[in-house]
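Q: Guided by the hints, dock chain B onto chain R, whose structure is given.
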Amino acid sequence: MSVRSKVIEAIQQIAKEQHVTLPALSDDLSLHETGFDSLAFAILVARLEDETGIDPFTISEDAAFPATVGDFVRAYENVPA
Amino acid sequence: MSPREIFALRDYLGAGLTGRTLSDAHDLVSLTDILSHTVLGGRLRELSGRAVLLKLSDQLRSGLAMIELDGIARRMLLCPPDLNPAYLDALIADAGIDAVVTDEPDRWGDTGVSLIVAAQLPLQATVPAKTERATEWLMLTSGTSGVPKIVGHTLEALTGAIVAEGPAKGAAPVWATFYDIRRYGGLQIFLRAVLSGGSMVLSDPHEALGDHVARLNARGVSHISGTPSHWRKLLMSGAAAQFAPGYVRLSGEIADQAVLDGLKAAFPNSSVGHAYASTEAGVGFAVNDGLEGFPANYLGNRNGVEMKVVDGSLRIRSTRTAHAYIGRNAAALTDGDGFVDSGDIVELRGDRYYFVGRRGGIINIGGLKVHPEEIEAVINRHPDVRMSRAKSRKSPITGGIVVADVILADGTDQTRVKEIRDQILDQCRAQLASHKVPAVIRFVEALDVTPAGKLARTDA
Chain R
1 MSVRSKVIEA IQQIAKEQHV TLPALSDDLS LHETGFDSLA FAILVARLED
51 ETGIDPFTIS EDAAFPATVG DFVRAYENVP A
Chain B
1 MSPREIFALR DYLGAGLTGR TLSDAHDLVS LTDILSHTVL GGRLRELSGR
51 AVLLKLSDQL RSGLAMIELD GIARRMLLCP PDLNPAYLDA LIADAGIDAV
101 VTDEPDRWGD TGVSLIVAAQ LPLQATVPAK TERATEWLML TSGTSGVPKI
151 VGHTLEALTG AIVAEGPAKG AAPVWATFYD IRRYGGLQIF LRAVLSGGSM
201 VLSDPHEALG DHVARLNARG VSHISGTPSH WRKLLMSGAA AQFAPGYVRL
251 SGEIADQAVL DGLKAAFPNS SVGHAYASTE AGVGFAVNDG LEGFPANYLG
301 NRNGVEMKVV DGSLRIRSTR TAHAYIGRNA AALTDGDGFV DSGDIVELRG
351 DRYYFVGRRG GIINIGGLKV HPEEIEAVIN RHPDVRMSRA KSRKSPITGG
401 IVVADVILAD GTDQTRVKEI RDQILDQCRA QLASHKVPAV IRFVEALDVT
451 PAGKLARTDA
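Residue numbers (the numbering used here), protein chains in the order written: chain R, 1 to 81; chain B, 1 to 460.
Hints listed in this document are in silico derivations from the structure and should not be mistaken for laboratory results. The structure presented is a predicted model; accordingly, all values stated were derived computationally and were not measured.
The list that follows gives simulated cross-link-like pairs (lysine to aspartate or glutamate, EDC-like), each with its CA atoms no further than 16 Å apart: (1) K308/B with E347/B; (2) K436/B with D37/R; (3) K130/B with E46/B; (4) K6/R with E51/R; (5) K394/B with D50/R; (6) K16/R with D422/B; (7) K16/R with D426/B; (8) K418/B with E17/R; (9) K418/B with E51/R; (10) K394/B with E49/R; (11) K394/B with D55/R; (12) K418/B with E9/R; (13) K16/R with E419/B; (14) K308/B with D335/B.
Isolated chain R, as found in the complex:
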């Protein structure tokens, strides 16, 4: 499974658990518009870390939290394996 599809699947799973109705997940959708709160993002980052072994937001001190879904996915894609 590609990194992108893992990230998208995790987002959809958490949306289901949190009873969040997601809009279509286009790359330029702002994360704010996903309807996720900070707890939902915290869950997402933790689960992705367990699945991929990567937490891109803790690795780098100056990592800015992404603004859009596309930025978020790239944060995982751009980490060297």
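A: Relative to chain R, chain B alone:
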């Protein structure tokens, strides 16, 4: 006016029942004529008036030494088996120890303690001793970090709940406990066995659970106690099927509804009760209605035990509490009014109080305080869950999130694991505030339990 009569353990073992025994995995000792035997090589006289450290590698000799020393030594300090030896010097200084009873006398040659007495089996014949004084019983707290605190008790305080309940009805009970008898929970059972005319079967940390249960059966154990973690391990082991004690008791940790129901299902003909007790607060109360928590009307003065809730924590005043912390820099054990703050946080729901966790065990989730026990209690309600542990994990987004490690019942269909995870999460979302719902659930094979029988919480 004559001085108040002093009772020591020997005074409960004088006459009466025959066939009473104290046994472990290796030896069996008759209690019937115990007063004319010595585990101390006949050297009890030398220990009169001394402050004695009881440092033995097994419970059997420890128990026999307690019976012999009580009423003769000035004080005795019970060392649990997991005591970090690095703390011994500090404890010896704080308790003013001037004698050691040990099964390894060679190791005490140059420690500066002037009197070393070897404890040995088999017992030797001796002339029965007479009670001289009320010995002070010193026990250690089971906290995980730093030098344990020394807690001072009297036999009268330690046995307050046992005497209040009166002698056991029916046949003489055979007691057992998963605890070590050098810990408060285990000592309560040992004292019950001595005072109530029964026998006792001791645990052995090196024995497999199945072998332990077989031994409990062979000796006809009727009354048995342990922590909820001990009991969950037994329920998971499959060994419970061969065992049918009359009375099952839980203490030392929160007994949630899941473990109470699990025990009731495993032992349909047993009475299952949970007791509230701690080394400092003594025995508070027992709950025998099969439900978690305790009725709100237990607060106030009930059978000489006074309880109140202040700032969320349970406070207890009674003649069964310890009387002091012992040592150079010992803090006060009670407040100005004589109440012990248990540090156990309770919550009133309807007409019942529920234990939600330890004050010191709170984890911080994004600035909010969370008791891991509260989350575990909800997870444990799932029928396929045997045991769980909630803890915090760092998060770059919220600072912290809740994660849970869960043990599933033996033989759980692996294809159902995802479904079970979703059900647990649904259950948590329905019953807990959103920040308390685990972000991640991991299924694990085992969870660490401390030597004191409590779920290990290294990050708490």
